[in-house]
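Q: The task is simple: from the sequences and hints, build the whole structure.
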Amino acid sequence: MLHATQPITRILAVEDDPLLASHLQTHLQGSGYDVTLSHDGDEGLRLATSEQFDLILMDILLPGRNGLEVLQQLRSKHGVPVVLMSALGGEQNRIAGFSQGADDYLPKPFSLGELSVRIEAILRRVAYERREQAPRESTDDLHFDEMGCDVALAGTSAGLTPSEYRVLELLWRHMDEALSKPFLYQQALRRGYAQHDRSLDMHISQIRRKLQGIGYQGARVETVWGKGYMLARLG
Amino acid sequence: MRLPSRYSLLWRLTGMLALFCLLLVSLHVDLGRLLIRATSYLPASTKTILTDYAREAEAAWQTEGARGVDGFLLRLRAREQIWAVVVDGQRQSLSSRPLEESERQRLRFLRQLDGQMGRPDGTPTFELPFSDGENRLVMTLPERLSPRKYRELWEALLYRVLPALLAVLLGILLYRLLIAPLAILRHQAVALSAGDLAARVGPQVAQRRDELGDLAGAFNHMAGRLEDTLTFQRQLLRDLSHELRTPLSRLRVAGEQAEEVQVLGQRLEREVATMERLIADSLELVWLDTERPSLPLEPVDVGHLWDVLRENACFESGWSTEQLPCELPADCCVLGNLNGLAQAMENILRNAIRHSSADGMVRLGGRREGACWHLWIEDQGPGVEAGELETIFQPFTRLNAARPGGDGFGLGLAIARSTLRLQGGELWAENRALGLRLNLRLQSV
Chain A
1 MLHATQPITR ILAVEDDPLL ASHLQTHLQG SGYDVTLSHD GDEGLRLATS EQFDLILMDI
61 LLPGRNGLEV LQQLRSKHGV PVVLMSALGG EQNRIAGFSQ GADDYLPKPF SLGELSVRIE
121 AILRRVAYER REQAPRESTD DLHFDEMGCD VALAGTSAGL TPSEYRVLEL LWRHMDEALS
181 KPFLYQQALR RGYAQHDRSL DMHISQIRRK LQGIGYQGAR VETVWGKGYM LARLG
Chain B
1001 MRLPSRYSLL WRLTGMLALF CLLLVSLHVD LGRLLIRATS YLPASTKTIL TDYAREAEAA
1061 WQTEGARGVD GFLLRLRARE QIWAVVVDGQ RQSLSSRPLE ESERQRLRFL RQLDGQMGRP
1121 DGTPTFELPF SDGENRLVMT LPERLSPRKY RELWEALLYR VLPALLAVLL GILLYRLLIA
1181 PLAILRHQAV ALSAGDLAAR VGPQVAQRRD ELGDLAGAFN HMAGRLEDTL TFQRQLLRDL
1241 SHELRTPLSR LRVAGEQAEE VQVLGQRLER EVATMERLIA DSLELVWLDT ERPSLPLEPV
1301 DVGHLWDVLR ENACFESGWS TEQLPCELPA DCCVLGNLNG LAQAMENILR NAIRHSSADG
1361 MVRLGGRREG ACWHLWIEDQ GPGVEAGELE TIFQPFTRLN AARPGGDGFG LGLAIARSTL
1421 RLQGGELWAE NRALGLRLNL RLQSV
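In the order they appear, the protein sequences are chains A and B.
According to the working numbering, the first sequence is numbered sequentially starting from 1.
According to the working numbering, the second sequence is numbered sequentially starting from 1001.
By construction, these hints were calculated from the structure, which means they are not laboratory data.
Backbone N, C-alpha and C define an ideal beta-carbon position, used for all residues, glycine too.
Sample of chain A residues facing chain B (criterion: CB under 10 angstroms; computed from the structure):
hint	residue
1	P107
2	P109
3	A194
4	Q195
5	H196
6	R198
7	D201
8	I204
9	S205
10	R208
11	R209
12	T223
13	W225
Pairwise CB distance ranges (calculated):
hint	chain 1	residue 1	chain 2	residue 2	range
14	A	E69	B	R1398	35 to 45 angstroms
15	B	P1299	A	R208	14 to 24 angstroms
16	B	P1299	A	Q212	13 to 23 angstroms
17	B	L1174	A	L61	50 to 60 angstroms
18	B	S1005	A	E69	48 to 58 angstroms
19	A	W172	B	R1277	28 to 38 angstroms
Far from chain A, some chain B residues (derived; all Cβ distances over 10 angstroms):
hint	residue
20	G1089
21	G1171
22	R1234
23	E1243
24	V1261
25	Q1380
A: Okay, here's the thing in structure tokens:
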């Protein structure tokens, strides 16, 4: 995702456990990010408002001010993406976090690989929103109806819902590229991904049925195990 | 306003108060009348005393004439401090002193011994005829002999003390009626807070059909729920720590044997994953059971959901899609929570695959029953003992001896049942001729 020509991505990590914090820093720096560490909520809030960051990674239970309060303060003036981490695990906290504007939530314990996928998904979505929409790859058979949020083959509409349309459109723009579930949730469904969430799977299943229903043979949605989904061109 | 039920305390309280008022009014009227009657006539003892005076006067008259009468009247007046005269049939004084005008006035209205006493505030004057029927002794009633002497005391008793006593009595009665059951409730609440989880209010209060009975019922329900939850959590904690010991002891042994770093790393990853799954499942179960969150319901196409679950299951287990057929009618759509229902069906499906042979089949079937959909997932495994059809829904239940396979913690079906109940559904198991059938009942759209 990252290219040498792009300015380096800055991440603020607010985590009070020094061991986990240093592991986070090492791992993220290894992935090419510039990481600033903070160990308590007040300092985290001060850094977040005084400096420019591309993403904030924050624990919920912090000394000083807790993560949800910091998030609330931050949201009153900043649009910077925030990923909350917590060992609380309860659905209640997850929902409370989102309602106050967190972009994603990672229940502890998580693997560093999982963390990278989530961060990448959010940064990619932000980059998407900033960039001019690249023209969709032209196609001779499947017709995309932007206004009606539907696709048609030889005049027959597939009858997609707006969510299904956004997922298919995203997969279509990245033909033959595996897209992670966190990214698909962020970009197409506009919310964080949780382990037991089945909405995307149901949308994909519907897209497969509907494309099959109108007799589309050009490509099919494949499951990429342990990662996400991919639209693979056939023939 | 809605009237309270016919067993309500309201009726008893108002009934008692009405009875009290009636009692008070009738006491006032009837006893008052009795009191007046009792104090309006002279008692027999007084009559005797007065008749004795008349006889004494007659004797004095007969023996000594006017002088005797003078002496008698002097004695009588000195003794009783009253006005008295002795007169003949023409109301002429028989003593040596003639009657004054005012005394003559007094003689106009005389009372008989058996007659009434007249005005309550006046002093009645009685005439007591001699045995010849002509002459008579006329005297006012001595204060000490008046039957009205204690009348004020009686009135105070009747109109002030008695009602107050009755009110106190009514208060005690109400107190016993209302407070005695509350005291029993308080006693049980104290026992409960002291840690006696079996504390319940006895049937003498719980079976009352009034508000106090309702309160006792609510208390018993609360205590029961508390006992269930605490028992559940204690059991869960015990099982959980027991389950955590297994991966921990494996890790300890592996650490002590100092295997190669790479092998140790793989083992570490595997055991950590196991512990994570165990804790996540336990927390999920506790959350479902104790918080009872309200899951948002939406229409869910079950056949469609089966496709999604089947794809995952086939990848995990290496089964082919044909081994997991869907035999549902095409229109099967239930009202449920997508993620909750998916989790429940996934747990059931995993369980079924785990207990089947590699070439077995697990099928989804169902039919509509009124406003519900009755769905079932059945495997071709060995089934379970009839007595254990309910036990398999208890957390940490593993029937390894009866059903082959089983690397889970025995939490899957417990979670499935809890999450289905939160969606207004039901889950139960039954043995079929071949294998076990898990039945789901969910509301139709």
